[in-house]
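Visitor: Line by line, the protein sequences are chains V and R.
Quick note: the first sequence uses the numbering used here, first residue 32, plus one each step.
Quick note: the second sequence uses the numbering used here, first residue 32, plus one each step.
Everything labelled a hint here was simulated from the structure, so no lab data went into it.
Careful: at least some of the hints might be erroneous.
It does not matter which identical chain is meant; a pair holds if it fits inside one copy or across any two.
[Claimed, not checked] Calculated pairs, EDC-like style, for lysine to aspartate or glutamate (alpha carbon to alpha carbon, straight line, at most 20 Å):
id, residue 1, residue 2
1, 70, 88
2, 70, 169
3, 70, 141
4, 70, 166
5, 70, 105
6, 70, 104
Computed from a predicted model, the values in this text were never measured in an experiment.
2 protein chains.
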Amino acid sequence: MSDEPRQDLRERTTATRRIYEGRIVGLRIDEVRLPDGGKSTREIVEHRGAVAAVPVDSDGRVLMVRQWRHPAEEVLLEIPAGTLEEGETPEETLRRELVEEIGHRARRVEHLADLYTAPGYSTELIGIYLATELEPMDGEADADENIEVVPIPLEEAVERCRSGQVRDAKTVAGLLLAASVR
Amino acid sequence: MSDEPRQDLRERTTATRRIYEGRIVGLRIDEVRLPDGGKSTREIVEHRGAVAAVPVDSDGRVLMVRQWRHPAEEVLLEIPAGTLEEGETPEETLRRELVEEIGHRARRVEHLADLYTAPGYSTELIGIYLATELEPMDGEADADENIEVVPIPLEEAVERCRSGQVRDAKTVAGLLLAASVR
Numbered sequence: 032m033s034d035e036p037r038q039d040l041r042e043r044t045t046a047t048r049r050i051y052e053g054r055i056v057g058l059r060i061d062e063v064r065l066p067d068g069g070k071s072t073r074e075i076v077e078h079r080g081a082v083a084a085v086p087v088d089s090d091g092r093v094l095m096v097r098q099w100r101h102p103a104e105e106v107l108l109e110i111p112a113g114t115l116e117e118g119e120t121p122e123e124t125l126r127r128e129l130v131e132e133i134g135h136r137a138r139r140v141e142h143l144a145d146l147y148t149a150p151g152y153s154t155e156l157i158g159i160y161l162a163t164e165l166e167p168m169d170g171e172a173d174a175d176e177n178i179e180v181v182p183i184p185l186e187e188a189v190e191r192c193r194s195g196q197v198r199d200a201k202t203v204a205g206l207l208l209a210a211s212v213r
Numbered sequence: 032m033s034d035e036p037r038q039d040l041r042e043r044t045t046a047t048r049r050i051y052e053g054r055i056v057g058l059r060i061d062e063v064r065l066p067d068g069g070k071s072t073r074e075i076v077e078h079r080g081a082v083a084a085v086p087v088d089s090d091g092r093v094l095m096v097r098q099w100r101h102p103a104e105e106v107l108l109e110i111p112a113g114t115l116e117e118g119e120t121p122e123e124t125l126r127r128e129l130v131e132e133i134g135h136r137a138r139r140v141e142h143l144a145d146l147y148t149a150p151g152y153s154t155e156l157i158g159i160y161l162a163t164e165l166e167p168m169d170g171e172a173d174a175d176e177n178i179e180v181v182p183i184p185l186e187e188a189v190e191r192c193r194s195g196q197v198r199d200a201k202t203v204a205g206l207l208l209a210a211s212v213r
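Using the sequences provided together with the hints, build the complete structure.
Guide: Following this line, the structure appears as structure tokens:
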């Protein structure tokens, strides 16, 4: 089977209206011409991109984090993650977030995937990494983050994905990918 | 280990400013009071929610779809999915999308997970299902969808997640969850 689309699926932007420029997201409306010549509009949330890590310690435990997620209106159990800041490479963001959120430095980092979180309306692409050979950085975790660190054995974390206790898509994707390479 | 947070992590909304009401997304800014008494703002993309299915035919092939994703500016290979319409239950949306996108009805549907796609800024929760006992509905697929159906054996689809050829988070989560229950 060919891996190329059989037809031209591309939509071309013919006009753009800017709605909002924020700290984490922007919003614009694109008018597009469809492949068949028709017209439509696309609401697009602009996001700089993010990284997430599955940090596994020497005992095989994933250092997960628990935090309030205001859009979800609940506390979620996730892998550590963060938005790229201006001028940062994904690897730099990853190292910064691991220190801020779980107070560790990773001596080894392997790339697992680059995934769009919501490609129907958001530009966000999140790089997912396996982080190992962890070293505690005493006192470096950012107390302002309002985050709790929860160490969970990788197999149990995967089981929590299957049982519905993990409710974050990047976390499920990251944990199952990490389990498949270890 | 306790499964309850050790401290109150909840943020309380003290004011809301509405920015945009659209067809697929809305946008609002919440001012929040943090657990420690401090203040912050949260940019929140409002979304009605969605469903996605891993449709597996009697030959063990996943009926995946290829479509242009304007925010990503590329054609992505995904599992069929769609946004809830007003008044629809997730199961109704699922059945509608399977007919529209891949031209099949599923006689059997199993719930795999409910996942937040981007809980840092979006309210979107996506229900993920395994759909089997598929029946073709000739002529029912919606020609306007500009979608190509791509049947891929489940094991190969999982391998494509590991190799980086699948770049959509819900698709990676759904395929790996489906593979773990079959």
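Visitor: Each hint should be assessed against the structure and marked as holding or not.
Guide: Hint by hint, here is what the structure shows:
Within a single copy, residue 70 and residue 88 get their C-alpha atoms no closer than 52 Å, and across copies no closer than 34 Å, so neither meets the 20 Å cut-off. In the homo-oligomer, the alpha carbons of residue 70 and residue 169 never lie at most 20 Å apart, since the shortest distance is 56 Å inside one protomer and 27 Å across protomers. Neither within a single protomer nor between protomers do residue 70 and residue 141 lie at most 20 Å apart by alpha-carbon distance, with minima of 42 Å and 37 Å respectively. In this homomeric assembly, residue 70 and residue 166 never come within 20 Å of each other (Cα to Cα): the closest approach is 54 Å inside a single copy and 33 Å across copies.
With identical chains, the CA atoms of residue 70 and residue 105 are at most 20 Å apart between copies only, with a shortest distance of 18 Å across copies and 39 Å within one. For the identical chains of this complex, residue 70 and residue 104 are inter-copy neighbours only, at 17 Å across copies versus 36 Å inside a copy, given an alpha-carbon limit of 20 Å.
Hints 1, 2, 3, 4 from the list above are not met by this structure, while the remaining hints are.
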